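Novice: Could you fit the two chains together into a complex? Lean on the hints.
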Amino acid sequence: MIHLTVNGTDHALDIDPATPLLYALRDHLGLNGAKFGCGMGQCGACTVIVDNQPTFSCLTPVAALGQRAVRTIESLGTTDKPGRLQQAFIDQQAAQCGYCIAGMIMRAQSLLESNPHPTDAEILQHMEPNLCRCGTHMRILAAIRAASHAPTTSQAKPERKS
Amino acid sequence: MRHGARVVALGDCAVCHTAKGGKPYAGGLALATPFGTIYTTNITPDPDTGIGTWSLEAFTRAMRRGISRDGHQLYPAFPYVHYTRMSDNDIAAAYAFLMERDPVSAKAPDNALIFPLNFRPLVAFWNVLFLREGPEAPDVSRDATWNRGRELVNGLGHCAACHTPLNPIGGEQWNKAFHGGVVDGWEAPPLNALASPPNPWTKPQLMAYLRTGISSHHGAAAGPMLPVTQELGTVPQEDVDAIATYLLSLQKPQARDLAQSDPAGADKASIQRGAVLFSAACAACHGDKSPMQSLGERPSLATSTAVHAATPRNTVQMMLEGVPWQGEQALHYMPPFAHTLNDRQVADIANYLRATYTNQPPWKDVVQAAADIRKGDQSR
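Going down the list, the protein sequences come from chains A and B. Residue numbering for the first sequence follows the working numbering, beginning at 1 and increasing consecutively. Residue numbering for the second sequence follows the working numbering, beginning at 1001 and increasing consecutively.
Next up, chain B with everything else stripped away, as it sits in the complex (with noise of 0.2 angstroms):
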């Protein structure tokens, strides 16, 4: 029952197949995505709602295949193409587990997804093209450390479906595997850049980051990153020694020199208008000489990763959102400024971050990226 525990954290069960204040892995959370909104299942084991009948075998066909139980073909919104990387071994462990937990009878509301792809048929088709079924076998030049890595990364962790750009038709794009990739309006940065100036991550910062969620020397994790490092926490440190073992060694060559400022570029009176907002509505925290920055090992805006990115999506969205209160597991918060400021504002202070926490050339047409973002979240 442990090791299913710790399976069903690794893989992020919880994250999904729970509703906003709803009981765990009873499902109705609403995802968005580009072909409408799909809501999670329930996978207690109640047997009208859940999955109560499910046999180990009906399990794992979903697990590996993306078939459910009747033989409708499911969304891969379920990362089954990930799953199926997964040992027989942790497949029953996470059945069995699940199979333990309370059951709730709870229906998930019905897709409202756009023709033709509400026809669940059509995802043979997408599957043919897209599911590579069965593990991988393990790689004898590596040793065990970096292929369990690979299995919880490309397996059950399935962290390229957030950190892979997607296709028109939904697919993870295989020869970008790991550029990163857009979800519920965040940027998940790209993987294979990890040891990239102008800050490199380190193996004891990865896995500091992984285990709790923020790291001193790159920021917070916020939006759909935080829960998988809360999940993260409950596992056993091997397993992500592993996983950042694994990513660390999938960093492509430096392609580029680092980007100078080009201060010609730069839209200074927006920069002026940012550090006034600044020192009111960030500086208590975020100023250089704040508690936060002088306790804790809080991470500065000179190292975040947010302000550092190629766009301006994350810091914007850490501006909008903020991260809310995590409730017993507080590790970080920051309130939301949605509606403190307006477009001009967020962008005012994200080139003012820009210009004086880094070395990179401003970002173009922040108030729109702001605007869009904005409207993207108004729709979840």
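Extracted from the complex, chain A is given alone in its bound form (with noise of 0.2 angstroms):
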């Protein structure tokens, strides 16, 4: 049986141990966000957040991850209520196809979250893992620097749950 805590929520499994986590995450937990591009650790389309560290979900095996708690861009907001990082790409209508976005977003999110300031420097480093083939990183930069200026009051860390 594999343990996984998923957005503050405590998941038993019966996958095998050698299941990639966004397997885990989109075949047996329904959180669709995550996505696979390329399985390979190139794209960051499926990347989440493991223990506060942005990291590929394709290359993650579910038996690497013990007590670390992982998060998706499902535990950011919803559709009526998005989070602030989410409202931000919204605003700056950052997503062409959309596909990376989900990766993007949870890596900008671990950016913010050690540095709510980033310079731009900063936020183009930070994000190189991640690629978007639409070509729209002038916007998604736009999106994580309105984000970082916006009140942090809606873009709580999620309580751990249970």
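Hints are computed from structural coordinates only; laboratory data are not their basis. One or more of the hints may lead you astray.
As the list claims (entries may be wrong) - Using C-beta positions, here's what the derived DEER-type ranges look like: (1) A:His137 / B:Thr1234: 27 to 35 angstroms; (2) A:His137 / B:Asp1288: 35 to 43 angstroms; (3) B:Ser1300 / A:Arg133: 26 to 34 angstroms; (4) A:Glu128 / B:Ser1290: 22 to 30 angstroms; (5) A:Asn115 / B:Ala1112: 20 to 28 angstroms; (6) A:Glu128 / B:Ala1030: 15 to 23 angstroms; (7) A:Cys97 / B:Leu1113: 25 to 33 angstroms; (8) B:Pro1116 / A:Ala121: 33 to 41 angstroms; (9) A:Gly135 / B:Thr1053: 28 to 36 angstroms; (10) A:Ala18 / B:Val1182: 53 to 61 angstroms.
It should be emphasised that the depicted structure is a prediction, and the values quoted were computed from it without experimental measurement. Even for Gly, the Cβ is constructed at its ideal location relative to N, Cα and C.
Specialist: Structure follows, in structure tokens:
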């Protein structure tokens, strides 16, 4: 039995320990925000936050997680009530096809948690592992910049609920 | 000028004299040494912070004797003990090339060295022990390619600076020349065992590796060797031919038979855990049927130098740090797993690779090695 803590909730899953975290999230927990892009840690579409670090979930074995807390984009807000960073991406229309955006937002989220007011250079360096084939990079950058100046109250880290 | 560019590339000047994200040759890169941190200097022709006021004579004295223009001793992290072997012609060409760069105003941060090594005149005593000034006379029993290779390997290329172990005061151990060393947390493998089993290098393999950073039979350059191969990709093939010729002439007679695996010493539980982790974290690229294995002559783990090495250092380091994106020069890439895998998990995968892809005896204390290597990485 594999135990996972995802978005503050504990789950026990009867799955192969060699399952990548991404498959567990999508196929077993119904969390379809993180996307399968390349499956090789080269594109970042699968990025989630594990113990406050942005992580390629496609290359993270569930057996490797132990007690570490996983957060996905679903933890940031809902369609009705998007989180601060999600709202900034909407305001800036930062999604073109949108496939990379869940990963982009989670990588950006990890940056703003450790560095609430990053410089543009810091944003660019931090976001480098995540690719966007549509070319909305300038809008993604603008959204992160806008979110870093927005009030922080709507964007508290989720409480652990289990 | 073209000759100067070739000399500067062969000497890897920009590799150390450029900070991460900084202007080329403007210095400021932190070099972690056992004696503290040294910051590389600005070698652009800026008159105030670079070498703009240096004459060729002053430049030559620095290259041959490790003495700065104002007379202070340079620290031997600057490899003048090797550059001293360069020809006058090459030194003049490097000088002319550097003086044509864009001047950049950039002052290196102050060094942070332990007492008493922060007192520069002490280096004069060190030089008595370790500096043998001037070029080596050609060996007339060898051909021109070999002699050129010796000059490039021992002089300009300063290969031994990383590939020879250092003694406690930071001098190369001449009786162990090219026995391998450790730099920036990576093992610089022995260069005198290239022809040894289980997987001897051929000259074409070595040349291809040096010029492209990847060998389909041995693995990919990573850590501090990666920029060296990028520089060697810019120089004429004849230079790399000479380097490979000389290096392959240094091979020691095989001292021992092929070590055989000792299954009794293997940690079966660890190998089993490693197999599970490998199939989720590694197999997408390194599995036998993966596209990376079937396209582009990517090296198999079964011939990997790192997996066959005497210590797990480079296998562990590769998992922790990976190979960063190289921008336009992208040849190979591997994501870092330092945040994904803990020390025991890294060790489990290392043990699995060792048992699965080699006939070598298991590594010992890999968990501790992973912890130590990770700690070293974090302090850099």
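Novice: Does each hint fit the structure? Answer for all of them.
Specialist: Here's how the hints hold up against the structure:
no., hint, result
1, A:His137 / B:Thr1234: 27 to 35 angstroms, "holds (30 angstroms)"
2, A:His137 / B:Asp1288: 35 to 43 angstroms, "holds (37 angstroms)"
3, B:Ser1300 / A:Arg133: 26 to 34 angstroms, "holds (30 angstroms)"
4, A:Glu128 / B:Ser1290: 22 to 30 angstroms, "holds (24 angstroms)"
5, A:Asn115 / B:Ala1112: 20 to 28 angstroms, "holds (25 angstroms)"
6, A:Glu128 / B:Ala1030: 15 to 23 angstroms, "holds (21 angstroms)"
7, A:Cys97 / B:Leu1113: 25 to 33 angstroms, "violated (53 angstroms)"
8, B:Pro1116 / A:Ala121: 33 to 41 angstroms, "holds (39 angstroms)"
9, A:Gly135 / B:Thr1053: 28 to 36 angstroms, "violated (47 angstroms)"
10, A:Ala18 / B:Val1182: 53 to 61 angstroms, "violated (33 angstroms)"
In terms of the numbered hints stated before, the structure departs from hints 7, 9 and 10, listed from lowest to highest.
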